[in-house]
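Enquirer: Sequence:
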Amino acid sequence: MSIKANIFQPAKAIDLKNGTLFTLEEQWYVRGQLYNEQRQLLESAIPITPGAEHFDLNGTPCLALASPYSFECRVIGPIRGPGLPVPASITWSVTSEVVYTRPGINQFMTFAGGQSKEVNTRETFFASHWGVWVLDAAGNQVGDAPLFVVNAEASKDAGTP
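The sequence shown maps to residues 21 to 181 in our numbering.
Hint data in this document are derived by calculation from the structure and do not stem from the laboratory. Keep in mind that the hints are not guaranteed to be accurate.
Stated by the list, open to error - Here are the in silico distance ranges between beta carbons for each label pair: (1) ASN56 x GLY79: 18 to 28 Å; (2) LYS32 x LEU104: 34 to 44 Å; (3) ARG94 x THR115: 18 to 28 Å; (4) ASP164 x GLU45: 34 to 44 Å; (5) GLU57 x ALA165: 21 to 31 Å.
Each residue gets a CB set at the ideal place from its N, CA and C atoms; glycine is no exception.
I would like the entire structure built from these sequences, with the hints used as guidance.
Expert: Listed below in structure tokens is the structure:
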């Protein structure tokens, strides 16, 4: 995809606002806050692309989508369901919010950087092949293709979580 380089800015992951899209080592993340097993709220990097892993934010350098740019998720492949969504797919919550199915565990993440409890896994619809498009301040698409594509089924078949 051809896109202007100035839509990104170097940053420290810990300094980003929740919901900011960023990349590190060829993987994509959303800055967020997640609860751990002790119900403590932790500053987090939510892995989006299959193969991306959680890491300690601290002073980790990254390349982030600059303000005033934003992003939106778009379905590329078939919409399936109702049923349990495939990890790394996008899912519709009972409140119609589009959320991300976190790989490895049955958690649903918002693209604003939080967790969603509003998913009925027996009755949800999901898309395992989807992409992220960059938008300018007016909501217009930037570039002629997605910034990146997630194909959860292909990743699963290739042995990637």
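Enquirer: Sort out which numbered hints this structure fails and list those numbers smallest first.
Expert: 4, 5
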